[in-house]
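Residues in the sequence shown are numbered consecutively from 1, following this note's numbering.
Everything labelled a hint here was simulated from the structure, so no lab data went into it.
Computed from a prediction, not measured in an experiment: that's the story for all the values here.
Don't take every hint at face value.
[Unchecked claim] Estimated spans, in silico, between C-beta atoms of each pair:
no.	residue 1	residue 2	range
1	Thr16	Glu130	21 to 31 Å
2	Met195	Asp116	38 to 48 Å
3	Arg182	Arg15	19 to 29 Å
4	Gly41	Asp190	36 to 46 Å
5	Gly111	Arg15	23 to 33 Å
6	Arg223	Ala44	15 to 25 Å
7	Val221	Arg81	31 to 41 Å
8	Asp190	Leu222	26 to 36 Å
9	Gly111	His167	20 to 30 Å
10	Pro148	Arg171	30 to 40 Å
11	Asp114	Ala174	27 to 37 Å
12	Gly46	Pro220	12 to 22 Å
All residues carry an ideal CB built from backbone N, CA and C; glycine is no exception.
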Amino acid sequence: MQSLRKGRYLARLARTPDDLRAAQRLRWLCFVARDGASAEGLDADGLDAACRHMLVEDTSTGRLVCCFRFLPLMDGGDIARSYSAQFYDLSALGSFDAPLLEVGRFCVHPGTQDPDIIRTAWAALSRIVEDGGVRMLFGCSSFMGTEPALHAEAFAMLRARHLAPRHWLPRVKAPNVFRFARARPSGRPDPKRAMAAMPPLLRSYLAMGGWVSDHAVVDPVLRTMHVFTGVEVGAIPPARRRLLQRAAS
Numbered sequence: 001m002q003s004l005r006k007g008r009y010l011a012r013l014a015r016t017p018d019d020l021r022a023a024q025r026l027r028w029l030c031f032v033a034r035d036g037a038s039a040e041g042l043d044a045d046g047l048d049a050a051c052r053h054m055l056v057e058d059t060s061t062g063r064l065v066c067c068f069r070f071l072p073l074m075d076g077g078d079i080a081r082s083y084s085a086q087f088y089d090l091s092a093l094g095s096f097d098a099p100l101l102e103v104g105r106f107c108v109h110p111g112t113q114d115p116d117i118i119r120t121a122w123a124a125l126s127r128i129v130e131d132g133g134v135r136m137l138f139g140c141s142s143f144m145g146t147e148p149a150l151h152a153e154a155f156a157m158l159r160a161r162h163l164a165p166r167h168w169l170p171r172v173k174a175p176n177v178f179r180f181a182r183a184r185p186s187g188r189p190d191p192k193r194a195m196a197a198m199p200p201l202l203r204s205y206l207a208m209g210g211w212v213s214d215h216a217v218v219d220p221v222l223r224t225m226h227v228f229t230g231v232e233v234g235a236i237p238p239a240r241r242r243l244l245q246r247a248a249s
């Protein structure tokens, strides 16, 4: 993919080991250093070598302000290669007969608030989807904190409106999960509060018709809870898909 510029922001693929380390440093800052750890570490794992890495830079300062990694898969037969497959039984997706794209480690520098950063990242992701003929986006969407009560309203909204179709539904694989789809409702969730409590990436997926697993995996290392999230490209509402296509052009 060629570089993509939107205003002061430039989205480009990582090309060098230094580019990858910059992404890993930003990931550490977003996912680990937020809990008081040193901001000088790296968030790295074995899947980094198999993935491509997208960087969004502020051209006025040269600062890396956003990054994500992505793993293209030929079809559902490759699903076991994904990061998500470590935590979810994705055998139902094994029959998906078109290209998929796993998106992960999506993060924005905590010192920035410009919505154009997210827009630039989504424009780059939309171009990857179009260029690769991708028919499904998927990944893990993380909530900060491991106590289900912290996310009760968001989980209630997911249970009520956004569970995966039964034919794609991920099954439990991880040893520590919260089955929010089985939780007893404590009343109807307030849509505005529930959506405000969702991780930003998950909000974007849901706005495109995305769906989630019926349980959340508890990650004690990163102190998060995450849900499997899928978006079938063909099901994205036409108006939103046109916006994404224009942004990617």
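A quick look at each hint next to the structure:
1. Range check, Thr16 to Glu130: Cβ separation about 26 Å, and the 21 to 31 Å hint holds.
2. The supplied range of 38 to 48 Å is broken by Met195 and Asp116, whose beta-carbon atoms lie about 21 Å from each other.
3. In this structure, Arg182 and Arg15 break the distance hint of 19 to 29 Å, their C-beta atoms being roughly 46 Å apart.
4. The supplied range of 36 to 46 Å is met by Gly41 and Asp190, whose beta-carbon atoms lie about 38 Å from each other.
5. Between Gly111 and Arg15 the beta carbons are some 25 Å apart, a value that agrees with the proposed interval 23 to 33 Å.
6. The given range of 15 to 25 Å is respected by Arg223 and Ala44, whose C-beta atoms sit roughly 18 Å from each other.
7. Range check, Val221 to Arg81: Cβ separation about 22 Å, and the 31 to 41 Å hint is violated.
8. In this structure, Asp190 and Leu222 meet the distance hint of 26 to 36 Å, their C-beta atoms being roughly 28 Å apart.
9. One distance hint, 20 to 30 Å for the beta-carbon pair Gly111 and His167, is violated here, with the actual separation near 43 Å.
10. Distance hint for Pro148 and Arg171: a CB-CB separation of about 19 Å, inconsistent with the stated range 30 to 40 Å.
11. One distance hint, 27 to 37 Å for the beta-carbon pair Asp114 and Ala174, holds here, with the actual separation near 35 Å.
12. Distance hint check for Gly46 and Pro220: the Cβ-Cβ separation is about 19 Å, which falls inside the suggested range of 12 to 22 Å.
Against the hints set out earlier in the document, violations occur for numbers 2, 3, 7, 9 and 10.
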